[in-house]
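Asks: Sequence:
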Amino acid sequence: MITETYRKLKVLYTATLNIIIRIRDMTNRLYGLILTASISFASTSCYAEIYRWIDEQGNVHFGDKPHADKQATDITGNVQLKNIDQSADRTQQSLQQFDLRQQVQSVETQQRQAQQQKKGQKLNQACHDAKQRLKILQGRVIFVDKNGNEIKRTEQERQQRADALRKNIKKYCR
429 MITETYRKLK VLYTATLNII IRIRDMTNRL YGLILTASIS FASTSCYAEI YRWIDEQGNV
489 HFGDKPHADK QATDITGNVQ LKNIDQSADR TQQSLQQFDL RQQVQSVETQ QRQAQQQKKG
549 QKLNQACHDA KQRLKILQGR VIFVDKNGNE IKRTEQERQQ RADALRKNIK KYCR
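As numbered in my numbering, residues 429 to 602 make up the sequence shown, in order.
Honestly, the hints are just simulated from the structure, not real lab data. C-beta atoms are modelled at their ideal positions from N, C-alpha and C, and glycine is treated no differently. Certain hints may be false.
[Unchecked claim] Simulated restraints on C-beta separations:
no., residue 1, residue 2, range
1, Thr431, Gln533, 53 to 63 Å
2, Asn446, Leu528, 46 to 56 Å
3, Glu432, Asp517, 42 to 52 Å
[Claimed, not checked] Below, simulated DSSO-like cross-link-like pairs (lysine-lysine); rule was C-alpha separation at most 30 Å, straight line:
no., residue 1, residue 2
4, Lys574, Lys595
5, Lys498, Lys550
6, Lys559, Lys574
7, Lys598, Lys547
8, Lys546, Lys559
9, Lys595, Lys580
10, Lys595, Lys550
11, Lys574, Lys563
12, Lys498, Lys574
13, Lys574, Lys550
14, Lys595, Lys546
15, Lys547, Lys580
16, Lys563, Lys580
17, Lys546, Lys599
18, Lys574, Lys599
19, Lys580, Lys599
20, Lys559, Lys547
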């Protein structure tokens, strides 16, 4: 019961501080007086107990006073406070999560762009290489193996290689 009272007082204290801060910033004193009066009236409901009972039809009822004819259960300790202002904490957490997601998305976007750029560079290089080989192949060519020995190729083999290079040019050069 002490912790419940402490919790209620803490809620009341926090709400009062929030309102006092808002009042200080307001220029209209009448508005501040109205808020102060509403705090004093609202603070009494903070100490109310909550009772639960079931009527003859099986309907569940709640109230701040026990029902005279029915057996009522005090559920004040089981009720969680719903009006605690934790919006600043939640907002801060949401902003941090949003910033983290933005950073992750930014890194992923940069990685995708870098991969696309590398892929584009590879395609450009493959295109350039295919064009160079085709240009060389269209002139007079002597094929040489790794040891420097001349390899004899027929015109048909040279033409097949040229066709393969043209396909590569269509594939890589866009």
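Asks: So, for every hint listed, does it hold in this structure?
Replies: Each hint, compared with the structure:
no.	hint	result
1	Thr431 x Gln533: 53 to 63 Å	violated, 44 Å
2	Asn446 x Leu528: 46 to 56 Å	violated, 28 Å
3	Glu432 x Asp517: 42 to 52 Å	violated, 22 Å
4	Lys574 x Lys595	holds, 26 Å
5	Lys498 x Lys550	violated, 83 Å
6	Lys559 x Lys574	holds, 22 Å
7	Lys598 x Lys547	holds, 16 Å
8	Lys546 x Lys559	holds, 20 Å
9	Lys595 x Lys580	holds, 24 Å
10	Lys595 x Lys550	holds, 17 Å
11	Lys574 x Lys563	holds, 21 Å
12	Lys498 x Lys574	violated, 103 Å
13	Lys574 x Lys550	holds, 25 Å
14	Lys595 x Lys546	holds, 22 Å
15	Lys547 x Lys580	violated, 36 Å
16	Lys563 x Lys580	holds, 19 Å
17	Lys546 x Lys599	holds, 17 Å
18	Lys574 x Lys599	holds, 28 Å
19	Lys580 x Lys599	holds, 29 Å
20	Lys559 x Lys547	holds, 18 Å
In summary, the structure is inconsistent with hints 1, 2, 3, 5, 12 and 15 from the numbered list given earlier, while agreeing with the others.
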